[in-house]
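Protein chains in written order, with our numbering: chain W, 1 to 257; chain X, 1001 to 1257; chain F, 2001 to 2257; chain L, 3001 to 3257.
Worth flagging that the hints you see were computed from the coordinates, not collected in a lab.
Check the hints yourself; a few may be wrong.
Below are the SDA-like pairs computed for lysine to any residue, each with C-alpha atoms no more than 25 angstroms apart in a straight line [what the hints assert, rightly or not]:
1. Lys2057/F to Ser3142/L
2. Lys1152/X to Glu3058/L
3. Lys30/W to Glu159/W
4. Lys1057/X to Thr137/W
5. Lys1057/X to Glu138/W
6. Lys3246/L to Asp3213/L
7. Lys1215/X to Thr1230/X
8. Lys2057/F to Tyr3055/L
9. Lys1215/X to Asp1229/X
Some residues of chain L that are not near chain F, with every Cβ distance over 12 angstroms (derived) [stated by the list, open to error]:
10. Ser3083
11. Arg3104
12. Thr3179
13. Glu3186
Ideal Cβ positions, reconstructed from N, Cα and C, are used throughout, including at glycine.
Protein chains: 4
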Amino acid sequence: MTGEHAVDLNCDLGEGFGAYSIEIDEVVMKNISSANVAAGFHAGDPMELEDTVAYAKEYETAIGAHPGLPDLLGFGRRQMDVSTDEVRNYVTYQVGAVRAFCDRAGVELQHVKPHGALYNMASNDETVATGIIQALTELPDSPTLLALSGSKFASMAEEAGLDVRHEAFADRAYNQDGTLVSRSREGAVIHDSDRLARRAVKMVQEGEVETIDGKTLDLTVDSICIHGDTPEASEHVTRLVDAFEKEGISVTPLRNL
Amino acid sequence: MTGEHAVDLNCDLGEGFGAYSIEIDEVVMKNISSANVAAGFHAGDPMELEDTVAYAKEYETAIGAHPGLPDLLGFGRRQMDVSTDEVRNYVTYQVGAVRAFCDRAGVELQHVKPHGALYNMASNDETVATGIIQALTELPDSPTLLALSGSKFASMAEEAGLDVRHEAFADRAYNQDGTLVSRSREGAVIHDSDRLARRAVKMVQEGEVETIDGKTLDLTVDSICIHGDTPEASEHVTRLVDAFEKEGISVTPLRNL
Amino acid sequence: MTGEHAVDLNCDLGEGFGAYSIEIDEVVMKNISSANVAAGFHAGDPMELEDTVAYAKEYETAIGAHPGLPDLLGFGRRQMDVSTDEVRNYVTYQVGAVRAFCDRAGVELQHVKPHGALYNMASNDETVATGIIQALTELPDSPTLLALSGSKFASMAEEAGLDVRHEAFADRAYNQDGTLVSRSREGAVIHDSDRLARRAVKMVQEGEVETIDGKTLDLTVDSICIHGDTPEASEHVTRLVDAFEKEGISVTPLRNL
Amino acid sequence: MTGEHAVDLNCDLGEGFGAYSIEIDEVVMKNISSANVAAGFHAGDPMELEDTVAYAKEYETAIGAHPGLPDLLGFGRRQMDVSTDEVRNYVTYQVGAVRAFCDRAGVELQHVKPHGALYNMASNDETVATGIIQALTELPDSPTLLALSGSKFASMAEEAGLDVRHEAFADRAYNQDGTLVSRSREGAVIHDSDRLARRAVKMVQEGEVETIDGKTLDLTVDSICIHGDTPEASEHVTRLVDAFEKEGISVTPLRNL
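Just chain W, with the same shape it has in the complex (with noise of 0.2 angstroms):
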């Protein structure tokens, strides 16, 4: 049972390849709730998979499918001109080689998010987002989609009668539109932990972040983006799940929620 608030924590997971390795700090591990597995296309390998959807099982993170755009030259960051139906088999592609790896370990697939460049194409491109969301109602036991908070992409979504939950993060600045500020612009990440924790707080408390012009924004929040790979993830994520617990916030898969 959660209490008055319950959030979930997600975390991008199985991004080595072959050789390549990425390592996620156990901290992180230990403290989400829900994991968002690279598919193949950006990253990830049918090995990879087996491990991560293992390592996930380990922990009890419920596992979600992390399609990308087909390449790994670039981590699927870089925008490519792609179709409606390129992306929609994409997607269909990616989450049914995902979805065995779950069948096979007997765990659900819980969700699909979107990576990189084709989770921001589809926050602001109805081509790309239309795409998504066919192939997730198209498939069986539609999975949750995890998209960005307050994106035309996830009222689309809720509109096709998918099960939409809203994602915020906690470490980088917002637009009075609800747009990530960009990584470019000064402030536009936050790097200091306390900071991070009580903008989490609010946001599943109130519901509300403060802008870069230090306007309140409304925001649905059901899940916080955590990074894993990063020096300072093992700090933030502590500090936040620190002040969720004195807040008694609980931290839950977004199955639950």
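With chain W fixed as given, assemble chains X, F and L onto it according to the hints.
Chains X, F and L alone, transformed into the frame defined by chain W:
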């Protein structure tokens, strides 16, 4: 309902990639009962998968996944030094991806047939055979395995409890031990459509084939492999189904056998 | 020796990959003077490169490298968000690879022509244009650049000191600003061989083309792009060279212009 | 100027890909004399190539190309069934690409050392050895070949007229026939830095190594392979160069030997 004798005719499909397409003969499409759909490692891609599954559905052809080695450059025809776990995970990944397209189209994933070097290695190498068998065993609703008739691979899969169907090659010469005569040897490939048709009829009716040395080899024949992209494809399949009709042999997908 | 007017005819070559091949019309091969050889990123591979360089050499066709974006799945036709340094290094890599095959075959690497989306982006986007220009400038014995006639890209390359040749499309309609009419618009592609031939003659003799709006556009024309893999290819090139012959226009590689 | 004895120390470099990087120990970089730069097939990419060539140049390390099999997923460590022509063209392509980066940076491409499975196959399989030798022979200014000391490959390359240098492994146990003891066997890898340094000194001074069975094997040693990405790398190379200094053995690139 099928007659006294029935057999499946299977053919590889969806082996294009991106801008590249491989034309399948129309006559072949009309007469095969099962299609092995390339799954993205040796050939095939998400757009191709959508089209191929729709195409097979239109022709009422049963669908199987055709997983290959991760060697697009070599079309999956080159043996690679892969471990049991690599094979197992490659197959899980590819079958999961193909199954998602089948689910979406509302058709069943009937079977799995390994492609090229993976097929040949499975027939001869327990390391590889075990990987494929494990992958299929672990999947929910394990699809039927289509394996080389009389191979160690086929019997290993049966012992593991899989539903196994035996495949024969009417256009290939056989050695006494049930292996195919290497293509480099004269007489390895039967080009004459009538002879091919007679061999196919004998395979189905008597469970026998004449070896390259003129002896008789017993052969369980559930399915005969048809090539759809050669100049002779149309002629071969026309003669073959004519001969089947004359003999009262019905052509039906694996799942009906 | 060339007549009063001379022009190069260029065509893309070697755009197969692995088991996939793209047939080039024999009539086209006999009549083109320069070949753009796919370099391995959008199409082409080392085996294809060997064959293509040998093939071009046999037909006494001058050879250029045809670098593309790292998008085999999209055949290099999809715009990607790439930086100047990425473009620069992608071009260096691919040109180096093609040059090695030329060196080995004892033929000169005459030119470089970017492929598909890289070509289009270079024509319109200084970020991309700069990357290509830097790559060619830095290479020893900088090859000639074949660029869209009248483009900012062409003038930037000239200012940077590169040897630049201007390319026109006899089979494509032009806008008044020198850009090609989008393929999605009616009348964008000229299918009539005679009209195509007349346009080509006018381009070479008068340095002019009629725009889609019936006005006149000045155009420097060193080379005309020929497609070698369409059903109309043979007809188009036959009419074009017939018209050239009648008008005393000689066809000769870029290096002779 | 080099002392009575001189040897090259070579190390693999530039084996990252896209977002993945492989850290090379700083102490190793300061002490090696030749770098084998990954060429894009098993690892490495155009951005990585630029950085790596610049990095090696900064440390005054001579540069070689390190071509591998087209198996990024397997890091080029898995044997594949490749033909002589495939190997030949794969090597031509990759060496051409690396040379372009060297040319651009104004440094010489000193040598070629095959990577991983390609190295091992070349040492044992004439099909593969011949492909590499042909590729290097056909290139202008054929780079030096760095091959396993005492291998058939090395002698074949010498007979073909290539400039060949012999490589030894101070951290690996040897069989009596000059092959390396398989890593799976106990004692195959020498972990003790002092023992490793003594072996290296003996190799250089006496052209000998003690085999795993305690016998003596004659070994031509032009270069010793150093690993730069292991926890022990710094310790190993520090002891080794200390021992060399004490013995008056100078470290110098292959081209100075």
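Check your understanding: Taking the closest pair, is the beta carbon of Ser3083/L still more than 12 angstroms from chain F?
Key -> 9 angstroms, violated
Check your understanding: Regarding the pair Lys30/W and Glu159/W, is the alpha-carbon distance no greater than 25 angstroms?
Key -> 35 angstroms, violated
Review point. Does Asp3213/L lie within 25 angstroms of Lys3246/L when you go C-alpha to C-alpha?
Key: 29 angstroms, violated
Review point. Is Lys1215/X close enough to Thr1230/X, meaning Cα to Cα at most 25 angstroms?
Key: 29 angstroms, violated
Check your understanding: Are the Cα atoms of Lys2057/F and Ser3142/L separated by 25 angstroms or less?
Key -> 23 angstroms, holds
Practice item. Would you assess whether Thr3179/L, listed as outside the interface, keeps its beta-carbon beyond 12 angstroms of every beta-carbon in chain F? Key: 29 angstroms, holds
Point to revise | Pairwise hint evaluation, Glu138/W against Lys1057/X, where the allowed Cα distance is 25 angstroms at most | key: 17 angstroms, holds
Practice item. Would you check the hint for Lys2057/F and Tyr3055/L, treating anything up to 25 angstroms between C-alpha atoms as holding? Key: Answer violated: Lys2057/F to Tyr3055/L is near 38 angstroms, above 25 angstroms.
Practice item. Against chain F, does Glu3186/L hold up as non-interface, every C-beta pair farther apart than 12 angstroms? Key: 40 angstroms, holds
Check your understanding: Lys1215/X and Asp1229/X: Cα distance at most 25 angstroms?
Key -> 31 angstroms, violated
Exercise for review: Against chain F, does Arg3104/L hold up as non-interface, every C-beta pair farther apart than 12 angstroms?
Suggested key: 4 angstroms, violated
Check your understanding: Is the Cα-Cα distance between Lys1152/X and Glu3058/L 25 angstroms or less?
Key -> 57 angstroms, violated
Of the numbered hints stated above, those contradicted by the structure are hints 2, 3, 6, 7, 8, 9, 10, 11, listed in ascending order.
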